[in-house]
Each structure stands twice: as C-alpha cells, then as structure tokens.
Amino acid sequence: MKALSITKSSILTVLLVSSGQIQAFDEEAAIAEAKAIASTFATALKQELQAAMKAGGPVKALNVCNIEAMPITAQSAQELNASISRVSLKNRNMSNVPNEWQRVVLEEFDSRVSRGEDAGEMISSTVVESDGKKQLRFMKALPTGGVCLACHGQELSSEVQTVLKDLYPDDKATGYSLGENRGAIVVIKDYER
Numbered sequence: 001m002k003a004l005s006i007t008k009s010s011i012l013t014v015l016l017v018s019s020g021q022i023q024a025f026d027e028e029a030a031i032a033e034a035k036a037i038a039s040t041f042a043t044a045l046k047q048e049l050q051a052a053m054k055a056g057g058p059v060k061a062l063n064v065c066n067i068e069a070m071p072i073t074a075q076s077a078q079e080l081n082a083s084i085s086r087v088s089l090k091n092r093n094m095s096n097v098p099n100e101w102q103r104v105v106l107e108e109f110d111s112r113v114s115r116g117e118d119a120g121e122m123i124s125s126t127v128v129e130s131d132g133k134k135q136l137r138f139m140k141a142l143p144t145g146g147v148c149l150a151c152h153g154q155e156l157s158s159e160v161q162t163v164l165k166d167l168y169p170d171d172k173a174t175g176y177s178l179g180e181n182r183g184a185i186v187v188i189k190d191y192e193r
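In terms of this note's numbering, the sequence shown opens at residue 1 and continues consecutively.
It cannot be assumed that every hint is accurate.
In the DSS-like style, the derived pairs of lysine-lysine whose C-alpha atoms are separated by at most 27 Å in a straight line are [to be verified]:
{"hint": "1", "residue 1": "60", "residue 2": "172"}
{"hint": "2", "residue 1": "35", "residue 2": "165"}
{"hint": "3", "residue 1": "133", "residue 2": "46"}
{"hint": "4", "residue 1": "35", "residue 2": "46"}
Source of the hints: derived by calculation from the structure; they are not laboratory data.
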C-alpha cells in the first residue's frame, strides 16, 4: 500500500477545528470537525483510486478498493482520532453493511435524491450518550460521479464484471446512475461532556 497522503494542512485543519473540544462539548464545532475528517478521508481514498485508474483503468481501481481501502480507512481513523467507515444499502464488501441507524439515514438520503436534491450536499448528524460521553454520529452521502460508473454503473465491461465476481461474489454495488447516492462516509467521535 502506498503511504497515505493526508496532507499536513488537512491534519492541521482537523486539529484547529477540534481544538475547542477539550473544555466542553460544542455540537456545532463537532459537526465541523466531522465534516473535515470525512473530507480528508474521502480525498485520501480518491487520490489512490484516481492514481489506480490512470495506471490501469477500472480493474486496477477495483484492486485498490479490495486491498487498500480498508488500510486507508484504518490509518485515517487513527491519524484523525475518529471511527471512520463507508456504508451502503447496496454494499460491495460485507464490512460496508449499515447498522440500523445508518440504514435509516441512507434511506433518507435516497429519498431526498429522488426528490431532486444533490447527494453531494447531503449530511446527517446526531448526538447520543455513549459510555458517559457525548458521541457524534455523522454521515456524508457519496454521490455517484462519472468515474464511479466504470465499476458501479449500469453498463460494466466484461473485464470489470469478471473481476467483481472474483473479488466480491456477493456484490450489490452496481446499477447506479450519475448523481445517485451510493452510500455514505460515517464518522463517529466521542467527546467529554
């Protein structure tokens, strides 16, 4: 796996946004921090996928998703001090199956897209009590972009179909159209009260 390219400025942005969290929980600041975390993670993963697409097209990108996405997620979570995951109602990987509250949010995102809203602008956040701490649960929708259609669209090359069948025998993450919501980045972070 290539070294994760989370830039110093990205980490600094997250740290500056979160610096006010030491004294007391501030929901607005926590949401801003979660947005920054989701953006930093999405950028790191997107850079890897774009490099793979340039190097070897969709098949190479599928291998990046299969081999490198989980380590990128784990490294991002550790460096950004949050739980980070991707979930989808039409998951490709079994680790991307949403839990109940995530499923409800994903269904709401899909409903909003069907009413004409832009998936790229959709977020959801809620605060719950967990183990005596405030826990922010944040989700940012993942819109289907043009490049996504090579592996997630309605018309896939035979080569992509073969690789998908080999790597993900239970794949459900195809058949998308441009602009549809494919899932969400989930950021969960605990805060002192």
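Right, here's what the structure says about each hint:
1. 60 - 172: holds, 20 Å
2. 35 - 165: The given pair, whose Cα atoms are some 34 Å apart, is violated under the 27 Å limit.
3. 133 - 46: Judged against 27 Å, a Cα distance of about 32 Å means the pair is violated.
4. 35 - 46: holds, 16 Å
Taken one by one, the earlier hints fail for this structure at numbers 2 and 3, listed in ascending order.
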